[in-house]
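Protein chains in written order, with UniProt numbering: chain A, 1 to 483; chain B, 1 to 483; chain C, 1 to 483; chain D, 1 to 483.
Watch out, some of these pointers could steer you wrong.
As the list claims (entries may be wrong) - Pairs of lysine-lysine residues, derived as BS3-like cross-links and limited to a Cα-Cα distance of at most 30 Å, are as follows:
no., chain 1, residue 1, chain 2, residue 2
1, C, K152, B, K433
2, B, K413, C, K451
3, D, K300, A, K433
4, C, K300, B, K407
5, A, K426, B, K413
6, D, K344, C, K344
7, B, K403, B, K413
8, C, K312, B, K433
As the list claims (entries may be wrong) - With the C-beta cut set under 8 Å, the calculated list includes, among others, these residues of chain A facing chain C:
no., residue
9, A41
10, K254
11, E276
12, L281
By construction, these hints were calculated from the structure, which means they are not laboratory data. Nothing here was measured: the structure is a model prediction, and the numbers come from that model. Idealized CB from N, CA, C, for every residue including glycine.
Spelled out from the first residue to the last, the chains are:
Protein chains: 4
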Amino acid sequence: MALSVEKTAAGREYKVKDMSQADFGRLEIELAEVEMPGLMACRAEFGPAQPFKGAKITGSLHMTIQTAVLIETLTALGAEVRWCSCNIFSTQDHAAAAIARDSAAVFAWKGETLQEYWWCTERALDWGPTGGPDLIVDDGGDATLLIHEGVKAEEVYEKTGQLPDPSSTDNAEFQIVLTIIRDGLKADPKKYTRMKERLVGVSEETTTGFDNLYGCRHSLPDGLMRATDVMIAGKVAVVCGYGDVGKGCAAALKQAGARVIVTEIDPICALQALMEGLQVLTLEDVVSEADIFVTTTGNKDIIMVNHMRKMKNNAIVCNIGHFDNEIDMLGLENYPGVKRITIKPQTDRWVFPETNTGIIVLAEGRLMNLGCATGHPSFVMSCSFTNQVIAQLELWKEKATGKYEKKVYVLPKHLDEKVAALHLGKLGANLTKLTKDQADYISVPIEGPYKPPHYRSLCVGWMVSFGGKETRPLLEEDPMGFE
Amino acid sequence: MALSVEKTAAGREYKVKDMSQADFGRLEIELAEVEMPGLMACRAEFGPAQPFKGAKITGSLHMTIQTAVLIETLTALGAEVRWCSCNIFSTQDHAAAAIARDSAAVFAWKGETLQEYWWCTERALDWGPTGGPDLIVDDGGDATLLIHEGVKAEEVYEKTGQLPDPSSTDNAEFQIVLTIIRDGLKADPKKYTRMKERLVGVSEETTTGFDNLYGCRHSLPDGLMRATDVMIAGKVAVVCGYGDVGKGCAAALKQAGARVIVTEIDPICALQALMEGLQVLTLEDVVSEADIFVTTTGNKDIIMVNHMRKMKNNAIVCNIGHFDNEIDMLGLENYPGVKRITIKPQTDRWVFPETNTGIIVLAEGRLMNLGCATGHPSFVMSCSFTNQVIAQLELWKEKATGKYEKKVYVLPKHLDEKVAALHLGKLGANLTKLTKDQADYISVPIEGPYKPPHYRSLCVGWMVSFGGKETRPLLEEDPMGFE
Amino acid sequence: MALSVEKTAAGREYKVKDMSQADFGRLEIELAEVEMPGLMACRAEFGPAQPFKGAKITGSLHMTIQTAVLIETLTALGAEVRWCSCNIFSTQDHAAAAIARDSAAVFAWKGETLQEYWWCTERALDWGPTGGPDLIVDDGGDATLLIHEGVKAEEVYEKTGQLPDPSSTDNAEFQIVLTIIRDGLKADPKKYTRMKERLVGVSEETTTGFDNLYGCRHSLPDGLMRATDVMIAGKVAVVCGYGDVGKGCAAALKQAGARVIVTEIDPICALQALMEGLQVLTLEDVVSEADIFVTTTGNKDIIMVNHMRKMKNNAIVCNIGHFDNEIDMLGLENYPGVKRITIKPQTDRWVFPETNTGIIVLAEGRLMNLGCATGHPSFVMSCSFTNQVIAQLELWKEKATGKYEKKVYVLPKHLDEKVAALHLGKLGANLTKLTKDQADYISVPIEGPYKPPHYRSLCVGWMVSFGGKETRPLLEEDPMGFE
Amino acid sequence: MALSVEKTAAGREYKVKDMSQADFGRLEIELAEVEMPGLMACRAEFGPAQPFKGAKITGSLHMTIQTAVLIETLTALGAEVRWCSCNIFSTQDHAAAAIARDSAAVFAWKGETLQEYWWCTERALDWGPTGGPDLIVDDGGDATLLIHEGVKAEEVYEKTGQLPDPSSTDNAEFQIVLTIIRDGLKADPKKYTRMKERLVGVSEETTTGFDNLYGCRHSLPDGLMRATDVMIAGKVAVVCGYGDVGKGCAAALKQAGARVIVTEIDPICALQALMEGLQVLTLEDVVSEADIFVTTTGNKDIIMVNHMRKMKNNAIVCNIGHFDNEIDMLGLENYPGVKRITIKPQTDRWVFPETNTGIIVLAEGRLMNLGCATGHPSFVMSCSFTNQVIAQLELWKEKATGKYEKKVYVLPKHLDEKVAALHLGKLGANLTKLTKDQADYISVPIEGPYKPPHYRSLCVGWMVSFGGKETRPLLEEDPMGFE
């Protein structure tokens, strides 16, 4: 797409694929609202007080229908919002159109190039000359990373007059980041520094447990079916990794009638797989007899081109981990004589010259549930996103109180339990209430939290406070240590 | 669409939605071939001998990618083929385009009107002045019905000179059938009679057991997800009917995490549901608390507008039985003040004026797995369709031998077992072989059949021989009595 | 045990293990009554009219708690009853004691020798000099067989004066049968002929489907746990045969967390296993890597001593098919140097001399669910046994009407459905009722039967009418052809 | 039983039910060894060095076959051992006999009175005049409690001359504890103080996660079947609490075909239940319609007599949580006119006078899986017990090094992973190995630990070091905060 910003009649900026899909997007947003009771409860509880009045929020998070409900919850609470996606394939164009038309500045479309992706990220962060956003909703940390790298470059430039050099790195994507920063630097050598000064905090939509397990259990078969229409029953499926994502994937495949084999490095997770009747083997053990391969490890270099060469004709290879380095796409692309046949967008058949057999790679090795289907369903995202809203509210409310230092915080357990409780009514559940006597017996407050912080979190969103001052810590680690 | 026949460069007739989708269709057909080992085995075994040389075959069967592999198996065995779909929503336009371009005369597109539907059926039967097809592959019996009604009308006309009167019936669809016959009669008063004379037999793709159970287990959640993206886990789902279709649907919903409630009339099927931990209640018991309703009964008038009025906001209502009379669409459309909002094709929200709440109806009450997804997966259809090929071969081979009388035959058990065996290799299975001693002990031949005819058929396609003479029996009953 | 008949104070004959267990048996019978709503409904419906008044019934059927409720249903309807077990391990001694004390003549104990077994069978048939029973409830046909062989011998003896010669057969068990007949012949050369004359009919408790599937799903893991306490999760289990018994076993093992491998001869059943994610291989493929082996085939010579030699140390080998010829016990016993270590009754470790490793054989290769646990649970047996009561009632009611000829009948479908309906209330189910219009549409009566005779029977008990005259057909074949 | 100590020929003390069961116990111990690869690996790795040489270990832990393998692992490593059970119903008498005869001093039998229970505990702690054990393996903390209370009493007595007064408490069991201490005090006023001085540490077999989930999934249905033979399929089962124990129970019941309803106080656990298709309601909502009730909460006062009064006839009520205060047994016993009918040991029917209907209570409200079946299977216990052995080794090895202070420690993650790894081979699993590059990428050592300490522990045994000096902390809290 031509990289020029467009404007709505009201003057709000955007860049989306097709504004005519806005009506369709609106209808699906309305459906999703019914499935997202946590967000709707936030609107009901906090909307009247307009707590985000005056707050500028930038989001870098898959621009889907569910995210649209999140965005409109933020705006319903008074925020001004600019948004980009955090994955080149994950935008739903009708969702982007509806939000761009009705609610917020959106820069996102399905099938961005990496160049376009970072242009969108920069647009989402650019709130004009007075600085960047007050708050960031990040997923994967790319928005935060851009500020971080920008500040670093501006500091070097201020001290040495030296511009960042894209050719200093082999990483193609990082070259793009450096180019953007370099080009911006010439025009405004304090842009990212001003952003840093203004920024109150970031809440990071990185989750574990609940949404990974149940979301992937839903969206893995959905992606497989939409991309390939293949019958899962009777097939041999290999799930690489048996963390929460892997558990969700393995459960879905097993329930659909596949014979599931798990690869694992952790003996405890391996035992868990065995207890469910799953075989635990290495990828090498099974590479030539399986029909479906799914990577879920959060690690890199899981399925290499040398594995793919040995697979059965039309074996399906896909990734459902956040980053796109689990499957060796580079090795595949560079394999001598390999031929790529695009069946349809996000579904490619790669044919090896020696055998003239091919494998089916989904979403170019990126998140297949977002690339080939619509990601986690609304109900799951409602849990995660309600946590995000609450984290943003907390950061904004306490921005000047000193309650949060410059560090990474996990959302407190009682808020996690509150978010869960907001979702029970939709499913017709009745919670049991502790008596005082029982609460005392197990040493918890009657109203919770009932468990220690690390126990089975619903959705471990966390947040970073930047305390309003000096340099800030980046989201460099998961404080919970979850995979 | 304008109802005019088009022609390929080679002169073959067709009418499809968009010929430019032929390449895409071809790629998906090639994928499907790998998943349809039974059909490919037929090509390998019978292709060289060209047993269908000279045979004209008309098909009336969902014009999908899988059916494309069936059609090209028939042509690979020497047949000439004309095809229409047996459901107004079930055509996959890229499949139709690929077949129209490459292999057979196709008259089908997704979203036909009833008028268009019967025009297509007539086109598929029309092989020119020398008569109709030699063989019919039918699904639901519409092609056979048209001949039957045509012959009846021609007989009346010959005796009395009287033309059929469309206004003699209340049934809107049957009015269309009579109109087509009436209009044809004037031009050619012996057309259907000549068809009857020529016709050797029909094989009917009406199945039970294997493909209903496993096919629906796959395609019900697929259709739900593509149409609504709704999370199934945690929801209350009502499955009306617990035959094979219902069993497949209930299993899929339960495995996806729904709480499933079954309605049944048959106490034995009800007991089976209970044994799986499913609740058995009446629709009235649960109509206002469930989230998803699926009809699978094969009966009519299952979910009436008075039920729909009482449902929760955004309850999903869909049908996966063959005919579209399980859900009271007429009652819904005529409900005073009801409002229909089309979210996307095949997904409508109907809003009731009293409550201003709506329900989501899929595929206008027709087969939701074909209307909203891609129907049964290739592997399942390979079993059914291989049976069809074998039935057609048998009818054609024995057309003059008198082996088959003018009546309905179920495919013999040993062919059923053979078809199953053709599908085992793809899934890596090793069958155990009986010793002579063991075979004698249980009184079966070593090579099978191992079970009596009615025992757990793979796919009870049946066939009708017309014996080459005089009036023929129509497919008026399922000789197996299956639901 | 010393083979002498004992008598209660009231003069009724019996031979059981330990009369002091009668109270315990009575308590468990009372529990079972609550779980057997079909039988209790028979007592309520038919008891007042005493339809069995004057009928003498002999039963040869596992003498368990559930059978006790059957027996007391027969007596509650007016019958006089004599009973033996149809398996040397299946008697529950407390059940036998309670019935012997309170209700009927019982000859049965857990752990009979074959000699004792046939003595008990003869006792159960012996109603004194006026002839045998009016009706037989048989399971496996041994009671009927004894009459059949007895009549044959008496006919030969009458014609030739020749006595049966036990040494004429290699089969050890049949030698015992011939000996009993020979010894009886000398005392009374017309005993079995008189029995034949008197006998009205037999109902055979041989079932398929419902009770095999759900009963074994319950009782297989129960037997495994009671016999070995082994953890099933994580183990590799081989199920030989995937009929209804095999399906129940495989489901139970899979659900308990085992990885299940199926062996099959029938490609359709093999496909069904694959569709559930089970691997289908031959026994030879997996004999040395599996932990648990279960035979369910109804065939013979399934697991031979040469298989057992290759198994892992402490592999568990058991049979849940009716007959004890699936596992090669003879081969095992005769294996040179093999050592048998009895862990506890019905749980033996057999150690092979070459490897000094052993396998665990349950119930000496006989029905492990009856030998090691308590068989099918009451609720399942209530379905089967209610069918038996209804069959007996029908035979007795029509004994002089000529309604039934000398042949084998399957219970009519509407009675099968009635029995199912009697069991729904206990599980809280509400059946849906057809409207007249719907019933007409699918061409069934409103009140059923809803399905053709062979469709998914609840419990295919069948009955043999002997028409009150001349020679009678024996139960030599399953008229349904089920495995 | 008469409470007198007996002695083996070799002079070792014991008190068990029936020494003649020792051979049977030995056979089952040998079977269990094959299922407990972790313990056998400890014998192989550590046995030769005899690291426990000179150590006196007291255990208070269910005296089962599995515990026998633990005890003989401790003795194989050089320890001297005295043992009692930690539950009045959980001893397996044949296990106790085998150990008493062959390996260690045992004071335990199935069905102890509370009086007997504490006598056994005292015997297990009594190593003669030189003080108590060097190490304790505790489960539930009763052995540690007795020392704690003893020291407290001795301190008071030393200061004030006052003896503990059993009548000072309402708690019947604590009265017994005080009586024992009081009676001992007169004879030896420094006994518990000397024990305290000597004690190096305690490892507590209180676990979470792995063994609760998989162990209860196995042993709950086992206990139900052995106690009641009831068919689980089709029943409505209520599981109170959805922690790991509840999850295992609910999974087992669902898989066996029950309809499962969960009660929960924690909204996150409630959401998890809903995601599995389970209904979440309060006990009051369902008390009168369910068939089976299981308490798993770890809390108290869950099922009260007022609930039990409203249950269906023959509803089954049982507890699988550690303590016996989840079911209101006291309220039941004291209910006016209630009648208790013992079906068999651990299976009682309680009949209410108003309705003359009864409920079935298992194991008198105590751990039903140990009371009615054989507890967790060997493989599960091997994981827990291998952790115990490793904890004991660590405490003993570091007794003088000061590595551990007087506080509670959770076993380090790498040992937890090691224990898991020892169990993979038995199940045929192949672990994947990280490359250096991958390990660096996710910031873990190649050889693990791969997860943070609190992540999905295999078995959170913990240990208390007493540092060899002064007063010691008691096990008053679970440092992990798990339910």
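Under the constraints set out in the numbered hints, which ones does this structure not fulfil? Checked against the structure, the hints that fail are numbers 1, 4, 5, 9, 12, while the rest are satisfied.
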